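Q: Letter by letter, the chains look like this.
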Amino acid sequence: EDQVTQSPEALRLQEGESSSLNCSYTVSGLRGLFWYRQDPGKGPEFLFTLYSAGEEKEKERLKATLTKKESFLHITAPKPEDSATYLCAVQATGYQKVTFGTGTKLQVIP
Amino acid sequence: GAVVSQHPSWVICKSGTSVKIECRSLDFQATTMFWYRQFPKQSLMLMATSNEGSKATYEQGVEKDKFLINHASLTLSTLTVTSAHPEDSSFYICSAREAGYGYTFGSGTRLTVV
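Those protein sequences? They're chains A and B, same order as listed. Taken in order, the first sequence gives residues 89 to 198; the numbers are from this note's numbering. Taken in order, the second sequence gives residues 279 to 392; the numbers are from this note's numbering.
Heads up, a few of these hints could be off.
Claimed, not checked - Here are the simulated PhoX-like cross-link-like pairs (lysine-lysine), alpha carbons at most 25 Å apart as the crow flies:
{"hint": "1", "chain 1": "A", "residue 1": "Lys185", "chain 2": "B", "residue 2": "Lys344"}
{"hint": "2", "chain 1": "A", "residue 1": "Lys185", "chain 2": "B", "residue 2": "Lys292"}
{"hint": "3", "chain 1": "B", "residue 1": "Lys298", "chain 2": "A", "residue 2": "Lys185"}
{"hint": "4", "chain 1": "B", "residue 1": "Lys319", "chain 2": "A", "residue 2": "Lys193"}
{"hint": "5", "chain 1": "A", "residue 1": "Lys167", "chain 2": "A", "residue 2": "Lys151"}
{"hint": "6", "chain 1": "B", "residue 1": "Lys342", "chain 2": "A", "residue 2": "Lys185"}
What the hints contain is simulated information worked out from the structure, not anything from laboratory work. Just so it is clear, the structure is predicted and the values come from calculations on it, not from any experiment.
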């Protein structure tokens, strides 16, 4: 069974203080790993898809990386508007189902 | 990019009544849509996969007679919570995928059964 574990559960950063969120996964064969941002009371907002180890993607202050066992979401010089819950999910090859982690709740303090 | 519209955003209903939630793909056709449920401080749990023109595929432990899914067109899937009870109160979210994009989610529906 596919498993996704995210750490830490919660992270509090000062504005400008860079950090990384971790997503460890177990999947029979990785078709894709996804990162989403979710604001309270809203649906997840798509950030990145990573397909193979070594792949990296960037968007503004966010950079996602992927290894064979985990993915990192690096946040560089975060701003208060980056505060949200960040979700990681995986999809196994041959399956449509996407398995989500429980997320990391990020709070960026001015 | 792909946009998924979900309505209503919140609904309050009396115990024993049924509630219908709509999920529409805008500007793209979705042969498959997904319905999730999310409890506070928990992850998204896949309830079922909705396939256009055929029966939905439910995840283990999800009552298909309670959570009716209809995918009558390539842009619309509906989830009906039948005979709702307080324990059905939750945040329900749909998603779809357009070729070339990741899975796009609707804005979610907060269901409260009183």
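Q: Now, for every hint given, state plainly whether the structure supports it.
A: Now for the hints, and whether the structure bears them out:
| no. | hint | result |
| --- | --- | --- |
| 1 | A:Lys185 with B:Lys344 | 21 Å, holds |
| 2 | A:Lys185 with B:Lys292 | 32 Å, violated |
| 3 | B:Lys298 with A:Lys185 | 23 Å, holds |
| 4 | B:Lys319 with A:Lys193 | 9 Å, holds |
| 5 | A:Lys167 with A:Lys151 | 15 Å, holds |
| 6 | B:Lys342 with A:Lys185 | 17 Å, holds |
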